[in-house]
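Undergrad: What follows is each chain in one-letter form.
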Amino acid sequence: MNTPSPAAVAGPVPERRWRLWPTHRPGWMVTTATLCLALIVLVAVLAPWIAPHDPLAMSPAERLKPAGDDYWLGSDAYGRDLLSRILYGARISLIVGIGSALISVVIGLPLGLLAGFFRALDTLIMRIMDGLMAIPSVLLAIAIVSLTSASLWTVMAAITVPEIPRVVRLVRSVVLSAREEPYVEAAVSLGSSLPVIMWRHLMPNTLAPLIVMSTYICASAILTEAILSFLGAGLGTETPTWGNIMSEGRTYFQIKPGLIFWPGLMLSLCILSINLLGDAARDHLDPRLQKRGGGQ
Amino acid sequence: MIPLKELQKGAQGAAYGLMASAAISAMPLLATPVQAETIRAVMHSGLRVLDPVATTAHITRDHGYMIFDTLLGMDEAFQPQPQMADWSVSDDGMVYTFTLRDGLKWHDGSDVTPGDVVASIQRWAARDGGGQMLMDHVDSIEATDAQTVTLTLSSDFAYVLELMAKPSSIPLFVMPTRVAETSPDEMLSVEDQVGSGPFRFVAGDYDPGNRVVYEKFEDYVPRDEPASWLAGGKVVNVDRVEWINMSDAQTALNALNTGEIDFLEAPSVDLLPILQANADIVVENLNELGSQTMGRLNFLYPPFDNPDIRRAALMALNQTDVLASLVGNPEYYSTCPSLYGCSTPLDTEAGAPASLTDKGDAQAAQTLLEEAGYDGTPVVMLQPTDSPTVSPQPVIAAQLLRRAGFMVDLQPMDWQTLVTRRASQQPPDQGGWNIFFTNWALPEVWNPLVNPMLNGRGRDGGWFGWPEDETLEDLREAFAKAETDEARQEIAERLQAHAFEQVTYIPLGEYATPSAWRSDLTGVLHAPMPVFWNLSREG
Amino acid sequence: MLGYCLKRTLAAVPVMVIVALFVFLLLRLSPGDPAAIIAGDMATPAQLARIREALGLNEPMHIQFFRWVGELLQGDFGTSLMSGLPVTTLMAQRLEPTVSLAVFSMLLSVLVAVPMGVLAAWKHGSLIDRVIMALSVVGFSVPVFVIGYLLIKLLAIDLGWLPVQGFRRLSEDGLWAFLEHALLPAMMLSTIYIALIARMTRASMLDVLGEDYIRTAHAKGASERRVLFRHALRNAGVPILEVIGTGFALMITGVVVTESVFNIPGLGRLTVDAILSRDYPVIQGLILVTSGVYVVINLLIDLSYALLDPRIRYR
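Keeping their order, the protein sequence lines are chains G, E and H. Just so we're aligned, residue 1 is where the first sequence starts under full-length UniProt numbering, counting upward by one. Just so we're aligned, residue 1 is where the second sequence starts under full-length UniProt numbering, counting upward by one. Just so we're aligned, residue 1 is where the third sequence starts under full-length UniProt numbering, counting upward by one.
Treat the hints loosely; a few may be bogus.
Stated by the list, open to error - Calculated Cβ distances over 12 Å to all of chain G for the following chain E residues:
| hint | residue |
| --- | --- |
| 1 | TYR96 |
| 2 | GLN250 |
| 3 | HIS498 |
Stated by the list, open to error - Chain G side only, calculated, beta carbon under 7 Å to chain H, not exhaustive:
| hint | residue |
| --- | --- |
| 4 | THR34 |
| 5 | ILE128 |
| 6 | LEU272 |
Source of the hints: derived by calculation from the structure; they are not laboratory data. No residue lacks a Cβ here, since even glycine has one placed at the ideal position from N, Cα and C.
Could you build the full structure based on these sequences and the hints that come with them?
TA: Following this line, the structure appears as structure tokens:
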């Protein structure tokens, strides 16, 4: 390592501040996406109060009712209210999306920091991550769920595991460039303790790209959860998730297309909004970040 | 180092070469092969288990009827008729002589021998409840000469022919000795699929759970009588039958609508109006008696090893909700308190709680559960997700049981997995189960001898769920020995009352099972299961 | 050059080892007895003991792992629980539909997306550009099965132009039957690819269009079209290749869903069937093979970069 110049040592550690709020007016797309997502979040939080029916209550006599006064979007094959199920479905989707994003950051961030900072660990960690990345994420998730019984936690774990390498790679690349910065070298040579270097000097650099990345992971997780449910490998079929509703609706697609289209629309809007916000955040926070969306 | 340009050229050249060779290899494929007459059918499930003796699964039985022949066959008047063999009975009714007809050949070209028949009866009787009962009364079954098999009874038994001709689950399929000598506890394999039936199994095209292909067996000699149910001549008018599995009901329906398939065994009743609107499609009930849907509890493990908790489950469930979820349109279903089916000879209400055909009695169930000291052990309920005729029952039943205070663990799987899993005698948390649902054609349940659920022989010999129940066995024995219809009816009623008290199983109502096919198919035979002889394609 | 190829190829080996290790550990570390998972629900204690013996579960982990990898290298992926057939046989049966569908979708995507991307780049900032980019975000966000059902409803049910389901083999039923049945699934499968490739094409075209030699070409009086297609597009090829590589995982997801929606008897259907029946040996085999293919595809793409762009070799 080069000997840091006295000036660099003496100078204040530059702190990089990220503006989290846009200074200029966002475009109409971003505004719409924000509103849309806010609405979905609101619906998810308020589901128990605004849902007109119990999403689990079956009344076989009322099955496959068309949209009407009592059932705004109609009822499904067991006489459950479609609207209520979709509203509750938003909860599962958001929990899985946000949960997976958080968990993958919580696990991926330290791994990435370690890999970026210690040459010795770098090879080991990155080889493991390469291996994980080589496994198609949905297959990996399916395998994990099929080995355990499906619960919210196992589904989230199954979705998170394939996402972790993306976080690790990102954090590592940021750390690799940041550690060459004079202020980090200075901190190292001044004998700052490792946690301090990591936490105070390296971690803040990763914040902006991580925010962008976690929006993509969130979108991707919501989609993967829906795919798992749709394929019958997700949460139990009774649980109102968008994927489950669509999966059950397949049989009745021709006589009641709403069973697929309404949850499909919600799912699409939700993912689209998150992706658009992610794009906006990327443009705003870090225009150089490579575009790698979080859809399918 | 080679100049970049050269390399690029090389790469381009290689790419063009690849494309050209791909184009050439695709050329001969453009020619259409000569079309044999092929019937494409979508059955109620994919075929994965190939042993019609080891399982009562309908798809495996249907497969059995394609490639195996039966010794006797039941006609549409429910009378046993000769199929592979004719018979005579001694005056005292103790000796049955079966004479094989001429020209019976296995698909490998060898002749069918009486020894094959004996081995087949033995394997069948080891698994089938009716067969077990028969064997209790049999002194010997022997091949007496090159054409005949002689069955000698040790005690009076009036149901020999009915049992040997029983159309379903488990029919007496005749298999070559080599195959029939497979232990009844082991499954027949792909190599064992050699029968003497009207179709041949095409092993090379078998794709488990997805596609199974049969070809006409050219050396099959049908009987002369016209086909009637499973009796009479099995005349094959097509070259090839393909069963394609479509796990999505909607997909299958559309495939029939557009003529991509010819026959759809079990379209969802909800979707029938779409098919009925198409003039090129016939929708008809092939099995006029209808079917019974039912739930079975596992007697081996808690909580259903406790009769009071079984009774709670009986009180909690009801036919009205199950049928409405399963069938939807009331024109196609009716509640029925009889274990033997309604509008059948033994139809009775004996012992059935009134709540069963009404709305259930969650209150009574709850009280029973509390008295029985139910500790919240979750009930492992097997939930098939791939077939409209078995998917809804668990979903609605789970709801009804929960309402009564049960904890229910619904485990989704495909139907073929359920068929495998229900055979497991392991504890529920180690790959076993507590409750599952299935359906029967009425002739499979219409008397205590053929009804698989009323077998009381427990772990060894009983049907999945394995109740060990001597009273049940004694009553079945008495039924088999009864001389008059009145006596039979009386015993059947006592037996049913006992079965409801023990909750041997829970009947969940009756429904019709219309099938649909392209109208250019003619001669589709009415039978308790779809069969592919007798039919032909017009034009 | 050769040295580079060798180095890259060798680098793929540890990745595959990690994949194998992961699949191995997944089964060993999951709750429950691996033998019971492998044997399925119906196993008798004797069968379990046999399987435990065969898997060498009584031996130390690392011995088990090497033994298992040894079997894999000999092409032994185990036996399916449900059908009793070797996993390799099952996969071989299902290979053709999946590969032909994937290749077809890929061709379709490139044919649609590249012109879209070029157009967007050429008319940079115009309405067309914005519409194309908006479509690409939508294509990226709408789940593949939602698109599938919309397409089925519109093209197959309402208009009746294409078959609703099913599959015809290129090798048995001919090209026409194949195309007729594969078009709808391919459209479903390629949506996301079109979105990705169009974006990527646009981005790299914009990069290239700013470079000196393009300006030179313009200055030399080359026609607009010639500049676009001869100079710009050619150099935008590398990023497009990259999308194909990174998109492989997307393709797998798409295939699993598409085959299940259209009832195509390929590897995707095999996957879904295997999940529903918890046929673990099959799931395991599918993961190993698809990961292997992923690694090989990315290796080939890396190597072809080197071929197309000599600078990479010296990195």
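Undergrad: If a hint holds in the structure, say so; if it does not, say that too.
TA: How the hints compare with the structure:
no. : hint   : verdict
1   : TYR96  : 48 Å, holds
2   : GLN250 : 5 Å, violated
3   : HIS498 : 30 Å, holds
4   : THR34  : 15 Å, violated
5   : ILE128 : 6 Å, holds
6   : LEU272 : 4 Å, holds
Checked against the numbered hints given earlier, the structure breaks hints 2, 4 and satisfies all the rest.
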